[in-house]
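Student: Sequence:
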Amino acid sequence: MRKVSKRLLVRSLVVGMIVLAIYFTHEVSQSLAIICPDEKAKKILKELCQLYESNHVDGNLCYDLCQTESIQYVSCFNYHRGKVVFRGSWKGDPVILKSKYSHLSDYPRPFASIVDKEGTMRTVVPDIALFTSMVYHQVKGQFGFELDMTEEDLLKHMWKSKYSTREDTPEGLTDSEIISLWALLQQEEFVLNKFWNQFRHYPEIYGTCGHFYILEYVPPGYILNPSAISMQHQLASLPWLNRAKVAMAMVEFIGAVDDQFPEKLHLCDVKHSNFGVTQDWVVKAIDVDITFFQNQLDTTLNQPECTSAQECHFFDCKGSCNTTSGRCNSQRSNTNLQAVCADIFSRHYGTPGLLRLPPTQVARQIDSVLQECLQQKGLPSGTKISETPVYQRLLEVLKTSLQYVER
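Using our numbering, read the sequence shown as starting at 1 and increasing by one per residue.
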């Protein structure tokens, strides 16, 4: 009788867990559907095209989106606190349409509006000389350091696109183009990607329409984020060859971020969904909303009062507390690489970790260097992450591991 009761209890628990898992999955998918319905997304794009057709906004890809419709809406990825991310198709190729806010009216409008002789409300934009200066100070203000570019060259750089079907010059900017560019410059992610459009670890921006910009589609592959529920993925796992190549690409990405900008760039929100992987194994940052240059992070970390280090953390950018002054130190106490090792390479909040189940020949070395990486502290000013022993050792062990799966 006791054996039967035990079996019934175990069976009930198992069934209950399965039901909960199904319910949880269903509720999450339903929530996402409510947050990001197709009808709302299409309405936002329809409103954008109406603004274009009435000459209120412009951009090199407005014609493709609104006239020829060679840019087609496919699905909605995100609709949260105004930020919208749509998946689209441009002449058959997947693209992303993105804007910080859904509507043009949500952006700050420093331009005055007047009623003209015909009784129509019209926006009065600044002359090109003033606007050129406004653009320069807007971009400089976001980065916090001097720009190695003239005001005129910066304006061309931020507006021009190699996919444009026309020649755009500062002198030829229309009112609708000025309004559109100013809305784009209120979006930190656009400014960062557009200014450093040659950086291979950012998705390429193809063009714009109004306050939306259209860029390369780099999906956050499930190699980076396997199902936390699926035991099959954790046991059988994805091939080590693929995971090791992605890990190497991620390490090289961290080295590039640390080396190719005027100041060190800090990634303060390191998670699987913020990165994508191309077919030729290049990691690209597809969400850089919480990213700061050194001068910006110093200011951010130095402000709060504190009694412990935990109060000084800003997402994945860990701070430390000066208990004598009762204020947070400005220096970051961890690194981008440490955050990647903690949040992507290792088991983290139910995800099994990218470097799970390595070949037995290198399992001990992988575990050792991973533990070393997890303990890495903030670097002295001027030190590059690619010069540190843990960075070099991590790359070396990952390269060595490939030998055991390619034989």
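No lab work stands behind these hints, which were simulated from the structure alone. A couple of the hints might just be wrong.
Computed cross-link-like contacts, DSSO-like style, restricted to lysine-lysine with a CA-CA straight-line distance of at most 27 angstroms [as the list claims (entries may be wrong)]: (1) K83 to K140; (2) K284 to K245; (3) K399 to K384; (4) K91 to K162; (5) K271 to K245; (6) K271 to K156; (7) K140 to K399; (8) K245 to K140; (9) K43 to K91.
Now the in silico label distances, taken between C-beta atoms and shown as ranges [to be verified]: (10) D153 to S105: 25 to 33 angstroms; (11) E69 to N295: 38 to 46 angstroms; (12) K40 to Q303: 18 to 26 angstroms; (13) T307 to Q198: 20 to 28 angstroms.
Virtual Cβ for every residue (Gly too), placed ideally from N, Cα, C.
Student: Hint by hint, note whether the structure agrees.
Tutor: Hint check results:
Pair hint K83 plus K140 holds up; C-alpha atoms about 23 angstroms apart against a cutoff of 27 angstroms. For the suggested pair K284 and K245, the alpha carbons sit about 14 angstroms apart, so the restraint of at most 27 angstroms is met. Restraint check for K399 and K384: satisfied, since their Cα atoms lie roughly 21 angstroms apart, inside the 27 angstroms limit. Our distance criterion of 27 angstroms between C-alpha atoms is met by K91 and K162, whose separation comes to about 17 angstroms.
Taken as a hint, the K271 and K245 pair is honoured in the structure, with Cα atoms around 18 angstroms apart against an allowance of 27 angstroms. At most 27 angstroms may separate the alpha-carbon atoms for a hinted pair to count; K271 and K156 exceed this at roughly 34 angstroms. A hinted pair counts as satisfied when its Cα atoms are at most 27 angstroms apart, and K140 with K399 does not qualify at roughly 40 angstroms. At roughly 36 angstroms between alpha-carbon atoms, K245 and K140 are farther apart than 27 angstroms, so this suggested pair is violated.
Annotation: proposed proximity of K43 to K91 holds, straight-line Cα distance about 22 angstroms (limit 27 angstroms). Separated by about 31 angstroms at the C-beta atoms, D153 and S105 satisfy the suggested range of 25 to 33 angstroms. In this structure, E69 and N295 meet the distance hint of 38 to 46 angstroms, their C-beta atoms being roughly 44 angstroms apart. About 37 angstroms separates the C-beta atoms of K40 and Q303, a value inconsistent with the hinted range of 18 to 26 angstroms.
Taken as a hint, the range 20 to 28 angstroms is violated for the pair T307 and Q198, whose Cβ atoms sit roughly 45 angstroms apart.
Violated hints, listed in ascending order, are 6, 7, 8, 12, 13; each of the other numbered hints is respected by the structure.
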